[in-house]
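J.: Given the structure of chain A, go ahead and fit chain B onto it with the hints provided.
For reference, the chains in residue letters:
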Amino acid sequence: DQQVKQNSPSLSVQEGRISILNCDYTNSMFDYFLWYKKYPAEGPTFLISISSIKDKNEDGRFTVFLNKSAKHLSLHIVPSQPGDSAVYFCAAKAITQGGSEKLVFGKGTKLTVNP
Amino acid sequence: ETGVTQTPRHLVMGMTNKKSLKCEQHLGHNAMYWYKQSAKKPLELMFVYSLEERVENNSVPSRFSPECPNSSHLFLHLHTLQPEDSALYLCASSQDHEWRGPAFFGQGTRLTVV
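One line per chain: the protein sequences are A and B, in this order.
For the numbering used here, count along the first sequence from 1 and bump the result up by 821.
For the numbering used here, count along the second sequence from 1 and bump the result up by 1.
These are calculated hints, taken from the structure and not from any lab test.
Watch out, some of these pointers could steer you wrong.
Covered stretches of chain A, as calculated for chain B (at least 3 residues, CB under 8 Å) [stated by the list, open to error]:
id	segment
1	834 to 843
2	887 to 896
3	913 to 921
Here are the simulated DSBU-like cross-link-like pairs (lysine-lysine), alpha carbons at most 30 Å apart as the crow flies [as the list claims (entries may be wrong)]:
id	chain 1	residue 1	chain 2	residue 2
4	B	Lys20	A	Lys875
5	A	Lys826	B	Lys37
6	A	Lys877	A	Lys928
7	A	Lys928	A	Lys889
8	B	Lys41	A	Lys889
9	A	Lys931	B	Lys42
10	B	Lys37	A	Lys892
11	B	Lys41	A	Lys928
12	B	Lys41	A	Lys931
13	A	Lys892	B	Lys42
14	B	Lys20	A	Lys892
15	A	Lys928	B	Lys20
16	A	Lys931	B	Lys19
17	A	Lys931	B	Lys37
18	A	Lys826	B	Lys42
19	A	Lys928	B	Lys23
20	A	Lys826	B	Lys41
21	A	Lys877	A	Lys892
22	B	Lys37	A	Lys928
23	A	Lys889	B	Lys42
24	A	Lys889	B	Lys37
25	A	Lys877	B	Lys42
Some residues of chain A that are not near chain B, with every Cβ distance over 10 Å (derived) [unchecked claim]:
id	residue
26	Phe851
27	Ser870
28	Lys877
29	Gln902
Here the structure is a predicted model, which means the values were calculated and not measured.
Quick reminder that beta carbons are idealized off the backbone N, C-alpha and C, glycines included.
Isolated chain A, as found in the complex (with noise of 0.2 Å):
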């Protein structure tokens, strides 16, 4: 049972548009939410995080947006640029049985940014 979906596999912007990610989750007790990026051949990288006391926040190009009623996030990237171009994971923090902290990932969207 999957409780962080990232419904699109994939997504392809122009250059200079914005990117818009999303994901969805189904544990409400969930309450801090991250976006990592990741190339080939790389561990992803973190890009920006939020809390769900807030419902925005912003990290130039990159804003993330929480819904904490529709259990929804999305990433907005803006303006999009063929460097950002990679694989985006969400996730979620959560408490393990053994009461550790542990991060539960989405399958990923594959973002292409066409010139």
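T.: Chain B in isolation, oriented as in the chain A frame:
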């Protein structure tokens, strides 16, 4: 450079071999993780160490054996693996308790079992 270093980057091993993956972090974090990424699947948590104590074993087969000798180093010992164990193995670290920051990942070890 994320401050988390994994070696080797690539590993090919036979099913009867024994090998180890190494992870080192220089961030002063007290929690370390092993994740597995198989094709077309989400990253799956394998093990969590907090303050050098294993606090999570996510139903991982015993042919994977983690070791955390100190808060900066994490190993994953591999023996008698199967071809389906071929995947990208990622190490991560974070501040565990009162954690409000991200986990940082290493670049991963691409493992191929032949």
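J.: Does each hint fit the structure? Answer for all of them.
T.: The hints, checked one at a time:
Against chain B, the segment 834 to 843 of chain A contributes 0 residues with a C-beta closer than 8 Å to a partner C-beta. That does not satisfy the three-residue criterion, and the hint is violated. With 0 residues having a Cβ less than 8 Å from any Cβ of chain B, the segment 887 to 896 of chain A misses the three-residue criterion, and the hint is violated. Look at the segment 913 to 921 of chain A against chain B: 6 of its residues bring a Cβ nearer than 8 Å to a Cβ of that chain, three or more, so the hint holds. Among the hinted pairs, lysine 20/B with lysine 875/A is inconsistent with the structure: their alpha-carbon atoms are about 45 Å apart, more than 30 Å.
Our distance criterion of 30 Å between C-alpha atoms is met by lysine 826/A and lysine 37/B, whose separation comes to about 18 Å. At most 30 Å may separate the alpha-carbon atoms for a hinted pair to count; lysine 877/A and lysine 928/A meet this at roughly 23 Å. A threshold of 30 Å between alpha carbons decides the hint, and for lysine 928/A with lysine 889/A the separation of about 21 Å falls inside it, so the pair holds. A distance of roughly 27 Å separates the Cα atoms of lysine 41/B and lysine 889/A; the hinted pair therefore holds under the 30 Å criterion.
At most 30 Å may separate the alpha-carbon atoms for a hinted pair to count; lysine 931/A and lysine 42/B meet this at roughly 13 Å. Between lysine 37/B and lysine 892/A, the direct Cα distance comes to roughly 26 Å. Compliance with the 30 Å bound is thereby established for this hinted pair. Our distance criterion of 30 Å between C-alpha atoms is met by lysine 41/B and lysine 928/A, whose separation comes to about 7 Å. For the suggested pair lysine 41/B and lysine 931/A, the alpha carbons sit about 11 Å apart, so the restraint of at most 30 Å is met.
Only pairs whose Cα atoms come within 30 Å are accepted, and lysine 892/A paired with lysine 42/B is accepted, the gap being roughly 22 Å. As the CA atoms of lysine 20/B and lysine 892/A are separated by approximately 42 Å, the hinted pair breaks the 30 Å bound. With a C-alpha separation of about 28 Å, the suggested pair lysine 928/A and lysine 20/B falls inside the 30 Å cut-off, and the hint holds. At most 30 Å may separate the alpha-carbon atoms for a hinted pair to count; lysine 931/A and lysine 19/B exceed this at roughly 35 Å.
Straight-line distance between C-alpha atoms of lysine 931/A and lysine 37/B comes to about 19 Å, which keeps the hinted pair within the 30 Å bound. As the CA atoms of lysine 826/A and lysine 42/B are separated by approximately 11 Å, the hinted pair is consistent with the 30 Å bound. For the given pair, lysine 928/A sits about 25 Å from lysine 23/B by alpha-carbon distance, which is consistent with the 30 Å threshold. For the hint linking lysine 826/A to lysine 41/B, the alpha-carbon distance of about 13 Å falls within 30 Å, and the restraint holds.
For a cut-off of 30 Å, the pair hint linking lysine 877/A to lysine 892/A stands: about 14 Å separates their Cα positions. Distance check on the hinted pair: lysine 37/B and lysine 928/A sit about 12 Å apart at the alpha-carbon level, within 30 Å; holds. Of the supplied pair hints, the one linking lysine 889/A and lysine 42/B holds, its CA atoms being roughly 25 Å apart against a limit of 30 Å. This hinted pair checks out: lysine 889/A and lysine 37/B have alpha carbons roughly 29 Å apart, not beyond 30 Å.
As the CA atoms of lysine 877/A and lysine 42/B are separated by approximately 28 Å, the hinted pair is consistent with the 30 Å bound. Consistency note on phenylalanine 851/A: stated as away from chain B, and its beta-carbon is indeed over 10 Å from all of that chain's, at 14 Å minimum. For serine 870/A, the non-interface assignment is contradicted: its Cβ lies about 6 Å from the closest Cβ of chain B, within the 10 Å cut-off. At roughly 17 Å from the closest C-beta of chain B, the C-beta of lysine 877/A stays outside 10 Å, upholding its exclusion from the interface.
Listed as a non-interface residue, glutamine 902/A keeps its Cβ farther than 10 Å from every Cβ of chain B; the least gap is roughly 21 Å.
The structure does not agree with the numbered hints 1, 2, 4, 14, 16 and 27 stated previously, though it agrees with the rest.
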